[in-house]
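So the chains spell out like this:
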Amino acid sequence: MPTALTIQNLRFLSNGPYSLDLAKGECCGINGASGIGKSQFLRAIADVLAHEGECVLESTPCLSMSPQDWRKKVALVAPESFWWYDTVGPHFGVESADDPYFCHLLERLGFSLDALQWQISRLSTGERQRLSLIRTLITNPKVLLLDEPTSGLDRKMAAEVEDIVAMRCDKKESSCIWVSHDLEQLARLSGRCFQLNREALVEMFL
Amino acid sequence: MNVISLSAFDLSLAATLLLALAFCSLKIGLGIERQIVISGLRMTAQLLLVGLVLKVLFANGSFLLVFVMSLFMLLVAGYEVRARQTRKLRGSVGYFISTGSMFVSSFSVAFLALTVMVGVDPWYTPQYAIPMLGMLLGNTMNGVALSSDRLTTDMYNQRGMVEQRLLLGQSWQEASGDIRRDCMRVGMIPIVNSMAAAGIVSLPGMMTGQILGGSSPMDAVKYQILIMFLIAAGTGFGVITAIWLISRRLFDDRQRLVLDNLMQQKQQ
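Residue numbers (our numbering), protein chains in the order written: chain A, 682 to 887; chain B, 12 to 279.
The shape of chain A in the complex, shown without the other chains (with noise of 0.2 Å):
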């Protein structure tokens, strides 16, 4: 299986150093206490947050491509999403109406094309939540990095969204870090499940 992303010594703030191979497709589960530092993790893999060792996408590592390539390409979904806009609709572009994609991921999502007129501070929790994954999913991102995806969900809506990514990682058009505390979730996603203390990913056997 061909490697979507490495990460060799991955060493930020006081933690690391951790190293990972993700091959391409696979949905790669992340697990550990409250405040260990996943989410960091996830910020110092999509190179927003300063780090020591390497993180090389399909042979091309960080360094050598611009930020904002690389933050398109290895994108992070964090659990509180942030608009900058009045209204939904600016923030996907106007073309975006006309994407077939696009306008799937709304209808799974419980959204439609009228969510793009809705206010952002009427937005719900959960509504964010599912906007932002959509947001980001559209860019067609080749790693996902998912901060608790699903924590603001009710059952119903999680299960979609696991499923949207499953079938992503099946489809090989991205490969996944899901960062969840729920190892339920975990199991069903992930081939393989790791860890994350302050030291390194320990793998675990759900």
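Just so you know, the hints here were simulated from the structure itself, not pulled from any lab data. Each statement offered as a hint is correct.
Beyond 12 Å from chain A on every Cβ pair, some chain B residues (computed):
#1 A26
#2 N71
#3 L86
#4 S119
#5 W134
#6 T164
#7 A208
#8 G225
#9 D230
#10 I236
#11 T252
#12 W255
Residues from chain A shown here face chain B by an in silico Cβ test under 8 Å; the list is partial:
#13 D728
#14 V729
#15 L730
#16 A731
#17 Q749
#18 R752
#19 K753
#20 L757
#21 S762
#22 F763
#23 W765
Here a beta-carbon is modelled for each residue, glycine too, at the ideal position from N, C-alpha and C.
We have chain A already, so just place chain B on it with the hints.
Leaving out everything else, chain B in the frame of chain A:
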């Protein structure tokens, strides 16, 4: 027309107004009496001192003296701009940036005005150079300080939003674009206000001074128009410089937002 000279008694009469205000503040517990008295005393001392310095400077008029005096004014302005910020940039870089922006906003513009527009010979003639530079420093300081303060505060408070935009693949310029535009606008508010009000709501200080000193109103007005243009342009360029330099410091070479470069806000 000769200027009516003010006696020490006239000035102390005006000072009693300030003391009355301080007394009121003390009585109703506004808590500003200390600040009023100290800043009043400080202002008086500073101005009396500068009166003496200017007397010597005007009598002597050497380039070196004018240069030392203007350098001192510039450094103080740079220091004050940084002191106004709630979240300052760490280390000496903060001083360099604020002083550098004040240099752009005032020194360069004053030099241009003295050599090209006023055309006084020699260009560093203290009667022109020092008041001109003083007007520019004093007025552009507001804009530069306001925008710098707003920039560091907004970048800190909106760090989540800025990072979200970076995560979506935007460059640091795009990710901080809204904030930087807003800071630019805020920095220009004082001068835009005073240009809008000039002559209608207020008679600007410099013009008033010249008229009181016996110049013809039209001469005074022309100088005031010149100085307004200079202040507006100086503020604009100074604010652009400050915003650019500060935001450059807030992102590293991989375009990550690094707020470690900001000092923590003092606990109130």
